[in-house]
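**Q** Please work from the sequences and hints to get the whole structure.
Here is what each chain is made of, one letter per residue.
There are 2 protein chains.
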Amino acid sequence: MTLAVDPARLWNRLHDLAAIGAYRDEHTGLMGVNRLALTDTDAAGRALVKRWFEEAGLAVRVDRIGNVYARRRGLDESLAPVVAGSHIDSVPTGGAFDGCLGVLGALEGVRALDDAGVVTRRPIELGFFTDEEGCRFGTDMLGSAVACGRIPLEVAWALRDRDGKTVKEELARIGFLGDAEERVAAPHAYVELHIEQGPVLAAEGFELGVVTGVQAISWQELTIVGKSAHAGTTPMHLRRDAGFAAARIHLHLHEMIESGRYGADMRATMGRIEPAPNRINVVPGRTVCTVDLRNPDDHAMAAAERELAAFVRALGDELQLAIETRQTARTASIAFSGDVQEVIARHMREAGVHHRRIQSGAGHDAQEFAAKCPTAMIFVPGEYDGISHNPREYSTLEACARGATTLLRTMVTLAS
Amino acid sequence: MTLAVDPARLWNRLHDLAAIGAYRDEHTGLMGVNRLALTDTDAAGRALVKRWFEEAGLAVRVDRIGNVYARRRGLDESLAPVVAGSHIDSVPTGGAFDGCLGVLGALEGVRALDDAGVVTRRPIELGFFTDEEGCRFGTDMLGSAVACGRIPLEVAWALRDRDGKTVKEELARIGFLGDAEERVAAPHAYVELHIEQGPVLAAEGFELGVVTGVQAISWQELTIVGKSAHAGTTPMHLRRDAGFAAARIHLHLHEMIESGRYGADMRATMGRIEPAPNRINVVPGRTVCTVDLRNPDDHAMAAAERELAAFVRALGDELQLAIETRQTARTASIAFSGDVQEVIARHMREAGVHHRRIQSGAGHDAQEFAAKCPTAMIFVPGEYDGISHNPREYSTLEACARGATTLLRTMVTLAS
Numbered sequence: 001m002t003l004a005v006d007p008a009r010l011w012n013r014l015h016d017l018a019a020i021g022a023y024r025d026e027h028t029g030l031m032g033v034n035r036l037a038l039t040d041t042d043a044a045g046r047a048l049v050k051r052w053f054e055e056a057g058l059a060v061r062v063d064r065i066g067n068v069y070a071r072r073r074g075l076d077e078s079l080a081p082v083v084a085g086s087h088i089d090s091v092p093t094g095g096a097f098d099g100c101l102g103v104l105g106a107l108e109g110v111r112a113l114d115d116a117g118v119v120t121r122r123p124i125e126l127g128f129f130t131d132e133e134g135c136r137f138g139t140d141m142l143g144s145a146v147a148c149g150r151i152p153l154e155v156a157w158a159l160r161d162r163d164g165k166t167v168k169e170e171l172a173r174i175g176f177l178g179d180a181e182e183r184v185a186a187p188h189a190y191v192e193l194h195i196e197q198g199p200v201l202a203a204e205g206f207e208l209g210v211v212t213g214v215q216a217i218s219w220q221e222l223t224i225v226g227k228s229a230h231a232g233t234t235p236m237h238l239r240r241d242a243g244f245a246a247a248r249i250h251l252h253l254h255e256m257i258e259s260g261r262y263g264a265d266m267r268a269t270m271g272r273i274e275p276a277p278n279r280i281n282v283v284p285g286r287t288v289c290t291v292d293l294r295n296p297d298d299h300a301m302a303a304a305e306r307e308l309a310a311f312v313r314a315l316g317d318e319l320q321l322a323i324e325t326r327q328t329a330r331t332a333s334i335a336f337s338g339d340v341q342e343v344i345a346r347h348m349r350e351a352g353v354h355h356r357r358i359q360s361g362a363g364h365d366a367q368e369f370a371a372k373c374p375t376a377m378i379f380v381p382g383e384y385d386g387i388s389h390n391p392r393e394y395s396t397l398e399a400c401a402r403g404a405t406t407l408l409r410t411m412v413t414l415a416s
Numbered sequence: 001m002t003l004a005v006d007p008a009r010l011w012n013r014l015h016d017l018a019a020i021g022a023y024r025d026e027h028t029g030l031m032g033v034n035r036l037a038l039t040d041t042d043a044a045g046r047a048l049v050k051r052w053f054e055e056a057g058l059a060v061r062v063d064r065i066g067n068v069y070a071r072r073r074g075l076d077e078s079l080a081p082v083v084a085g086s087h088i089d090s091v092p093t094g095g096a097f098d099g100c101l102g103v104l105g106a107l108e109g110v111r112a113l114d115d116a117g118v119v120t121r122r123p124i125e126l127g128f129f130t131d132e133e134g135c136r137f138g139t140d141m142l143g144s145a146v147a148c149g150r151i152p153l154e155v156a157w158a159l160r161d162r163d164g165k166t167v168k169e170e171l172a173r174i175g176f177l178g179d180a181e182e183r184v185a186a187p188h189a190y191v192e193l194h195i196e197q198g199p200v201l202a203a204e205g206f207e208l209g210v211v212t213g214v215q216a217i218s219w220q221e222l223t224i225v226g227k228s229a230h231a232g233t234t235p236m237h238l239r240r241d242a243g244f245a246a247a248r249i250h251l252h253l254h255e256m257i258e259s260g261r262y263g264a265d266m267r268a269t270m271g272r273i274e275p276a277p278n279r280i281n282v283v284p285g286r287t288v289c290t291v292d293l294r295n296p297d298d299h300a301m302a303a304a305e306r307e308l309a310a311f312v313r314a315l316g317d318e319l320q321l322a323i324e325t326r327q328t329a330r331t332a333s334i335a336f337s338g339d340v341q342e343v344i345a346r347h348m349r350e351a352g353v354h355h356r357r358i359q360s361g362a363g364h365d366a367q368e369f370a371a372k373c374p375t376a377m378i379f380v381p382g383e384y385d386g387i388s389h390n391p392r393e394y395s396t397l398e399a400c401a402r403g404a405t406t407l408l409r410t411m412v413t414l415a416s
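Residue numbers (the numbering used here), protein chains in the order written: chain L, 1 to 416; chain A, 1 to 416.
Fair warning: there could be bad hints in the mix.
[Said to hold, decoys possible] Distance condition first, Cα-Cα at most 25 Å in a straight line; then the derived SDA-like pairs of lysine to any residue:
no.: 1; chain 1: L; residue 1: Lys227; chain 2: A; residue 2: Phe206
no.: 2; chain 1: L; residue 1: Lys168; chain 2: L; residue 2: Ala180
no.: 3; chain 1: A; residue 1: Lys227; chain 2: L; residue 2: Cys135
no.: 4; chain 1: A; residue 1: Lys227; chain 2: L; residue 2: His252
no.: 5; chain 1: A; residue 1: Lys227; chain 2: L; residue 2: Tyr23
no.: 6; chain 1: L; residue 1: Lys227; chain 2: A; residue 2: Glu274
no.: 7; chain 1: L; residue 1: Lys227; chain 2: A; residue 2: Asn34
no.: 8; chain 1: A; residue 1: Lys227; chain 2: L; residue 2: Glu207
no.: 9; chain 1: L; residue 1: Lys227; chain 2: A; residue 2: Asp385
no.: 10; chain 1: A; residue 1: Lys372; chain 2: A; residue 2: Asp297
no.: 11; chain 1: L; residue 1: Lys227; chain 2: A; residue 2: Val288
no.: 12; chain 1: A; residue 1: Lys227; chain 2: L; residue 2: Glu383
no.: 13; chain 1: A; residue 1: Lys227; chain 2: L; residue 2: Met31
no.: 14; chain 1: L; residue 1: Lys227; chain 2: A; residue 2: Gly205
no.: 15; chain 1: L; residue 1: Lys227; chain 2: A; residue 2: Cys135
no.: 16; chain 1: L; residue 1: Lys227; chain 2: A; residue 2: Arg392
no.: 17; chain 1: A; residue 1: Lys227; chain 2: L; residue 2: Trp219
no.: 18; chain 1: L; residue 1: Lys227; chain 2: A; residue 2: Gly29
no.: 19; chain 1: L; residue 1: Lys372; chain 2: L; residue 2: Ala332
no.: 20; chain 1: A; residue 1: Lys227; chain 2: L; residue 2: Asn34
no.: 21; chain 1: L; residue 1: Lys227; chain 2: A; residue 2: Met256
no.: 22; chain 1: L; residue 1: Lys227; chain 2: A; residue 2: Trp219
no.: 23; chain 1: L; residue 1: Lys227; chain 2: A; residue 2: Glu204
no.: 24; chain 1: L; residue 1: Lys50; chain 2: L; residue 2: Ala180
no.: 25; chain 1: A; residue 1: Lys50; chain 2: A; residue 2: Val119
no.: 26; chain 1: A; residue 1: Lys227; chain 2: L; residue 2: Glu274
no.: 27; chain 1: A; residue 1: Lys227; chain 2: L; residue 2: Arg24
no.: 28; chain 1: L; residue 1: Lys227; chain 2: A; residue 2: Gly363
no.: 29; chain 1: L; residue 1: Lys168; chain 2: L; residue 2: Gly134
no.: 30; chain 1: A; residue 1: Lys227; chain 2: L; residue 2: Asp265
no.: 31; chain 1: L; residue 1: Lys227; chain 2: A; residue 2: Thr28
no.: 32; chain 1: A; residue 1: Lys227; chain 2: L; residue 2: Gly29
no.: 33; chain 1: L; residue 1: Lys227; chain 2: A; residue 2: Asn278
no.: 34; chain 1: L; residue 1: Lys227; chain 2: A; residue 2: Glu258
no.: 35; chain 1: A; residue 1: Lys227; chain 2: L; residue 2: Glu26
no.: 36; chain 1: L; residue 1: Lys227; chain 2: A; residue 2: Leu30
[Said to hold, decoys possible] Covered stretches of chain L, going by a simulated chain A footprint (3 or more residues, C-beta under 8 Å):
no.: 37; stretch: 196-209
no.: 38; stretch: 221-231
no.: 39; stretch: 235-245
no.: 40; stretch: 250-260
No lab work stands behind these hints, which were simulated from the structure alone. No residue lacks a Cβ here, since even glycine has one placed at the ideal position from N, Cα and C.
**A** Have a look at this one:
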């Protein structure tokens, strides 16, 4: 007997959940999902998935940060469970797959076990975690970070949204301020199925990915202050052009990458550029821009940050500009368990699934669990260059089912 | 007897006129001027200056585009007049000197002639021209362009502001739709006194400037379309980064200048940069940016435009981006009369005024008159790096009076 997830059931679940918070994107006409954490729509989504957990005969508990767990008994209940989780909150302009695929894929895996009459040695726990996106309260992976001990409960509870509402108030208001202990005892292992949210697997023709870890992230906001001046009357040598400085920094980031000094997987992005006054005939007196650096190697990341800081200092002197740098985010790289990766890879090999190892470019709940127990992830390729956080986000039924079946088999192996 | 303008009278005139449309700038607390063309405040300013012209015994006429002329009789009324003019409309955030110094400086010159009992051989005409700034109806130098034949009256009349009001309607509403012929017969010469609106004279310690001409201006708006992508998950080689293309173009503009290929006076500015979606962790899929090129040499300007276009084409191919270029403004360079410049320079030399020849970086009514008659301008240095179109705009009483006296003596020489 070969265990497999029912593709149609998974597909229907994904679409039923996507109907909650659905909206029509005004540019593309596509249906998107807006299920921001701890809103009424998030509450409706939570209630639906919780009901599905209960209908599958699972024992559901809600913890004090609103994480929802569903437990399937094992033959030996004294053993630590295998946990498979993700999230069901979305960014304001999200799609149907981000997070939800991992939660509903795991649920359909459990149902496949029920259909096949399989009971594992260890218990299996499914979970979805509060505010993974961080869009509303400013801290991503919030629920899993509390569960795994990185963020204290009281700190998480006190976070406020733009309207001044706290996480705790909103949990209570939507009925998801549970009473279960929020800190998890170390599971036996943690596995998470997720869409890649990037173009690599599809571009290279792979069917699935085994995720090796999460790269380090460094976010910086640079405020460059020069002097605004008339574009027609100010000679070049008398200018202190803040916009030109941003362009120089942008070019230098690319030179750093091309040099190869920071490894083949370094990424750098200047996503935001805001010159002021932003008029055709005025030399910008001030420019705010951002730098997003990614690197799987912590040492290479630190060295790249140092080079950037030195370049920015020298550039400020050269162009007579004041450049202020504010670090707005910084996380170290996370290496996932080689053993769990190998279990995943073995199931892919056995099923003839064309796969590769891949670093995660985005953050995931799995990185919090990696601090508690052997952890790894499975990536499903996305269409349209893997676009995500967008109504275009899409993975095929076949790809989703292939990923969920791999998750199911991995859970069973780990729980045996 | 040495003719000179009374500094205190000029200063009082400037401040009396600046009180019309005065507002307090919320950032600096400084008083600015908002006297947008053909508004009620412009009408009040026009009425005041017109009354001053009449009080000085001048024959005032208003033409069909709202230009106001004031004529002082000469000994031989059959001869073409010497015209001295500028404008009294302002940008919405203007200062007291831009334009007004030229009009009121010329008026005080005429009063000095009256005080001294001097009658020139040729008549002298003062003038202020409608909507020099172009802020309201989108076309700068509007009144002088109609007067000198570049823009037909009917075209100018039909221009609309954002609310759909036409120039003709607004002229009629404020009582300045005159009946005098709008096309000027060729004057004997045209002279305009104006603030520099740039830092050069002050930075180099000059007291006045003799303006040699107006540089060519080329404005382009570039729309760069690539593909937005996740900054964490998209490898560098799979990106089509529209913001990076803008930075490359910006750097190339500076390389063009540093090469010296387009002369020492070429200027290039990227004043506007608008990446979309403009978020720290998204590779911009689209960026709109602007290029402002200035060059006193038309051939050099055309060659620079060609190089830029070739670079942009090659860059689009290299980075797989679609780059669309829209020319939003283009004027050829204007060379002012060497003879009129020499008359101005001679009066500066005789008065011991430390001066230099200087190209104008901004457009002026004088460039329209240059097509009709020998024309030149006098520049007065500005404080605070010559900032203009801003409440900080400021020139000292001494500098204004020095400029107005030079204008007066130049008018007398030209009218003799």
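**Q** May I ask which of the numbered hints given earlier this structure violates, with the numbers listed in increasing order?
**A** none
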